[in-house]
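Engineer: Below are the chains, spelled out letter by letter.
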Amino acid sequence: MVRGDSQVSEVLLSLDGVSRVFGDEVEVHALRDVSLDIRAGDFLSIVGPSGSGKSTLLGLLGVLDLPSSGAVRIQGTDMADLGDADRSRMRGGAIGFVFQQFHLIPHLTALGNVETALLYRGLSAGERRQGAMDALEQVDLGNRYGHTPIQLSGGEQQRVAIARAIVTDPLMVLADEPTGALDSQNASNVMDIFGDLQSSDRAICVVTHDLGVASRTQRRITMLDGGIVADELLNVAGGAR
Amino acid sequence: MRRIWELVGVALGGLRARKVRTALIMLGPILGVAAIVSAIGINESSKGHLKAVLSDLGTDLIVANAQGSLGGFGSDPRIPEAAAARVTRLPDVESVTGTLQMADIVTLPFEEAEDFYRAFPVPVIATGLNLPETLEVVLASGRFLNDFDVSTAARVVVIGRDLADEYGYLRGEARTIQLNGIDYGVVGVLDYVLLEPSMDSAVFLTFANAEEDLGLDSRDPSRLYIRAPTNTKLVAQEVPTVISLGGPDGANTSVPTDLLDAQSQVDENLNNLTKMMGGLALIVGGVGIANVMSISVIQRSTEIGIRRALGHSRGTIAVQFLLEALVVGVLGGILGAAAGAGVVWLTAELRGYVMVLSVVGLVGWAMLSVAVAVVAGLYPSTKAARLEPLETLRLG
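Sequences listed follow chains A and B, in order.
FYI, this note's numbering numbers position 76 of the first sequence as 76, with every residue one higher than the one before it.
FYI, this note's numbering numbers position 395 of the second sequence as 1395, with every residue one higher than the one before it.
Because the hints were derived from the structure by calculation, they are not lab data.
There is no bait here: all hints are sound.
In silico contact screen, one side only, chain B against chain A (beta carbon under 7 Å); selected entries:
| id | residue |
| --- | --- |
| 1 | R1003 |
| 2 | E1006 |
| 3 | A1017 |
| 4 | I1306 |
| 5 | L1310 |
| 6 | R1314 |
Derived pair list, reagent style SDA-like, types lysine to any residue, alpha-carbon separation capped at 25 Å:
| id | chain 1 | residue 1 | chain 2 | residue 2 |
| --- | --- | --- | --- | --- |
| 7 | B | K1383 | A | Y120 |
| 8 | B | K1383 | A | S55 |
| 9 | B | K1383 | A | G83 |
| 10 | B | K1019 | B | L1378 |
| 11 | B | K1019 | A | L108 |
Here are the in silico distance ranges between beta carbons for each label pair:
| id | chain 1 | residue 1 | chain 2 | residue 2 | range |
| --- | --- | --- | --- | --- | --- |
| 12 | B | T1382 | A | A125 | 25 to 33 Å |
| 13 | B | L1273 | A | D81 | 58 to 66 Å |
| 14 | A | A85 | B | L1012 | 20 to 28 Å |
Glycine is no exception: its CB is placed at the ideal position from the N, C-alpha and C atoms.
Can you make the complete structure from the sequences, with help from the hints?
Structural biologist: Printed below as a string of structure tokens:
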């Protein structure tokens, strides 16, 4: 563990002694006693082989799941203390997801997909539309807002997904193998966008098995057998902190 | 409120994206509501028509037919004139007319037609003078038989409307017809008698003429028409006793409009059956909605996972799917009610009824479709809400 300079930034999300056990009769310990702080300004990657617990950790970081023991806190609030409605609201506001398979809603346009993230937040249709357009402009897809996913290339779909993730101005962008379905050029573009998105009040977390992708981040967490085996700073000199 | 509209927008978007599926699941409510609305509408329109006919005819006419050995054993039953007079004196009875249909009278519009009219005899009815008043029928032309005709033994007849058409009788024409070879002047044409259509092709003459010229043995009628505006049913029950004075034989009575009432009851049974089938179609439609939407939830599990990841709660997802069912129910109900109303209108046009359709009923049956759709949507929407995003998004 080589983390030493992170006290200066606010802890956005923390895992405190988190374990996750699946199954009733045959228990599978997917995570064992994991503790982790993600701070504002972090640009980190989580790497590890299949079965190391990456997906489980991703579910917990994204508040899509709750731990069997331990606590997941977003800005100090324990997620286990919240009901589904509040937890969902917290997830929608604090986390922006980017998935390997893009996961755009097929019958909606690029604009409609991005707008979906702004639903049920008390915004007018005009405000939603403007916010979504701004996010699409940010990923250079302002001119493709009326296209449905099938009319977009893989790289463009992933950029729409990134626009959807950042349109709510989340505390953390959580990307699950974001370059896994892309060619190297598009993969590089996507990582460039993540680099551009990095800011002092936001964290970017990329889950990947690609060490090349991980090397583009500034902090690398390595997992094995349900535990964190390394938490290293990379490229610190170029970091935002 | 804004949230509700957003949810409605999402639900409509989901339905629009799968138009064929949406149309198919909407068919159930449409057929169910259309069947119920049309069954009720057609029945109500038909009832309205019957009521109009009944009100035209009046429901207070009683017909009493002689039966048994009244009038002498071995002969056709007759009602003694004195008995008819007793009926006239009953309270509630407004007017009574006795008639007797005579047999074997050859009626000819002109002599050359004898062969034809022997083969197809025209009914000849000896009648009291107040028949139009009792039946509440007007004369299409001319006048009815009167006291003057009786006192002067004038050979005059009134003919029914159909017979006048058949004879080519012109309004006001001085015309004679022959009854058993004796010339009679036609003095009037009786308008259509809805309760006794046979009278439309009959010849009416006085009992005096029938006795004088056609060999009638007495003025006893075989049938009484009784108009009793109040206590009609009670009078109908009393009349046989009044005629027979407690003897074994008398008369049977009927109220012809009862038949029409019975006819509407038969329609009611058919109507209930159709309503039940419509209800069944609605239930089957509901099962269809539940079934198709459950499959749809599985097909759309990724979309549900995405929405959950974007911060939509389980409750929001459930409401979104429930709203889809609700929209199906509302549209199905409206389209079904419109289709049903269309069927009622068409039927009313074809049968010449006045269309009777309750707007409250239409709304009510459409609401039933909504209720069925919402109940049917409960299971799939609960299922959608319970989906775990972690499983549907296949992370890692």
